[in-house]
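Visitor: Chain residues, written in single-letter form:
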Amino acid sequence: MTRKMTGAKMIVQALIDQGVDTIFGYPGGAVLPIYDEVFQQNSIKHVLVRHEQGAVHAAEGYARSTGKPGVVLVTSGPGATNAVTGLTDALMDSIPLVVLTGQVPTFMIGSDAFQEADTVGITRPCTKHNWLVKETDKLSGVLHEAFHVATSGRPGPVLIDIPKDVQFATGTYTPKKPSVSHYQPPVKGDMNAITELVEAIETAKRPVFYTGGGVINSGPAASQLLRELVEATGFPITSTLMGLGCYPASGDKWLGMLGMHGLYQANMAMHDCDLMINVGARFDDRITGVVDMFSPKSKKAHIDIDPSSINKIIRVDIPIIGDVGHVLEDLLKVWKSRGRKTNSEAMAKWWKKIDAWRSIDCLKFEQKGKIIKPQYALSRLEALTKKYDRYICTEVGQHQMWAAQYLDFEAPNRWMTSGGLGTMGYGFPASIGVQMAHPDALVINVAGEASWLMNMQEMGTAMQYGLPVKQFILNNERLGMVRQWQELLHGERYSQSWSESLPDFVKLAEAFGAKGILCSDPDDLDDAIMEMLTYDGPVIFDCLVEKHENCFPMIPSGKAHNDMMLAGVDTQGVIDAKGSVLV
Amino acid sequence: MSPLKIKKGSTSHSAYNLRPNFSDVIERHTLAVLVENEPGVLARVIGLFSGRGYNIDSLTVAEVDHTGHLSRITIVTSGTPQVIEQIKAQLGRIVPVHEVHDLTVEGPSVERELAMFKVTGTGDKRVEALRLADIFRANVVDSTLETFVFEITGAPDKIDAFAELMRPLGLTDVARTGVAALPRGN
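Chains as they are written, first to last, in the working numbering: chain A, 1 to 583; chain B, 1001 to 1186.
Honestly, the hints are just simulated from the structure, not real lab data. Keep in mind the model is a prediction, meaning the values are calculated, not measured. Yeah, the Cβ is synthetic: ideal placement off N, Cα and C, and Gly gets one too. Be aware that one or more of the hints could be misleading.
Stated by the list, open to error - Computed from the model, here is a short list of chain B residues facing chain A with C-beta under 10 Å:
no., residue
1, R1044
2, G1051
3, R1093
4, L1171
5, D1173
Hey, can you work out the whole structure from these sequences and the hints?
Guide: Laid out in structure tokens, this is it:
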């Protein structure tokens, strides 16, 4: 059933047809007709952010915590360029977003008009796909296609640039229909390859599951299948930063996160395994370290929906291209039909070895004296919020790694962090997006003071929409991770890595009408956290922590997985010249 | 089977036989990429090569199917086998890309390029240029008393060879189209 309507109305109609309930945006000259339509309807909530970067990160938080695409509406020129960091972030972490930008009218494109930018040109490398729509009749088709592309295959951000005259003009609206797009990435894995993996599982002596964000992106069913597979085989499982929650941290097969700041047992298991089953991860350099020394003795299987992930960094023996959920379903079926075999004798030995690594207890720390250790702060946060079905966001840096190490995740879609791009300023707006999607849930943003200041303007948004997001700031008055690397690599010359002229966070909270809590004494910490949890509204929690704490364990640049630095070691001269050029 | 022939919309393609040889030898491959003929599609392909640091030795593009709205991009690129596999997989990821074919590994193919050479000179050199052009089956498409413009079609090697011969004879300008290629037979 097609109907005539203006381009602006089509946009709102298409969003409604796609089941969108919330959009994040900021108005401007080139999107006024769309905002006029937003004003005249009640189906879609619009969240007015304070900066376009905040809109995109909020949409990312919404998308990650719901599995649905996040939607952003911003104006031309600066509105679009401010969205670029968020788009790149979403592309790196495979987050589905549909970003709508206004554009100057078609007859002015190319004339350096006011607030004109080559938005499709600028965003081509940081979107999965983008469109400039020059005819109103084509608008609805592109809108529906955009949702299809953003959510099919490996998800990612897409952008539609819509000139103002196209918004005003009247055209034919075509409703959503089964996709006619030629873009149909296959989801089923090759059965021969799956069978080959089953054979490897049956005989493996030292297997490990190495899981990632692909499991989360595949949906809750994929996490369920993964849990079934792990329990049935008894294989140990580790996960990347992106995949935390796909297997419960309370599960006894759980080794913890792997990688540069991963847990000792996880990295040792990866290094010594004879069968590595990569499920929806991409051999990122934070995981592999130096590729020549990465898990030298293992046969490697790789399940990924994106063919370009296969053999990009690490050569694998059993590549399986497909959606994690579909492949795991087939894998389980084949493995069961062949008699559910594993090498139980070898497995018992393997677990003994793993338990020895676990006994090192690489996350142990000692809270003594009157200064709060950041690890202690997060341990207490974990203990006091365990009973909630909580959502955790983070900024980027030491606090992010500590959060990944000391907080436990039992379910997927509860952990929102900027992994691939490492965007400082991500967490606060992301927490707003999460809280919009889950109004009654406990949403905490674990932050560092430097990251948090990067998008602190969003306090206004949190207040305006009454979003009780808890900003848990581990304040060490340092760019902690930069400082740590300067200690390790640059002779303890701390160039520009301290936070000078910090605001009084309590007063800052009060200036916005929110609650501020300052805590500097470990003895007061529990009460302060409880006060944060019980307050009905946004809270800025300024937790003053030890200023020179390093984040351990750590694989120093240029070293192998079995060459980790544990807490309490000498930090000087650990990284050689070859390692120091790596980031 | 080809190492990685990505055909969109097909569920039968498998990476099972994808066992590339991870050698460090630089190989030259000719890729044929069928794309949706829409604005910006060439920029997407070129941006992929520049953004990820791949080489383009030559590139040609033109619409080949007006009703089907398809263009064919022929790219000659070079890299290690691993890089070539990545290039193909990355091309396959671009949404308006329909098909990626590696003509170098998918069986025999023919490659042709058209070039124009302007040769300036008088006397013996001018006669020699004309004689060599005849041997290479190059056509004279423009002539003045002091210049010829030759048009030559052939495999890139042949055009390189012709260019080498023309250089001492007064070669002043060269225009080459880059390689167009098709698989042989069915």
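Visitor: Look at each hint and say if it fits the structure.
Guide: Each hint, compared with the structure:
no. : hint  : result
1   : R1044 : holds, 6 Å
2   : G1051 : holds, 5 Å
3   : R1093 : holds, 5 Å
4   : L1171 : violated, 37 Å
5   : D1173 : violated, 31 Å
Hint compliance for this structure: hints 4 and 5 are broken, all remaining hints hold.
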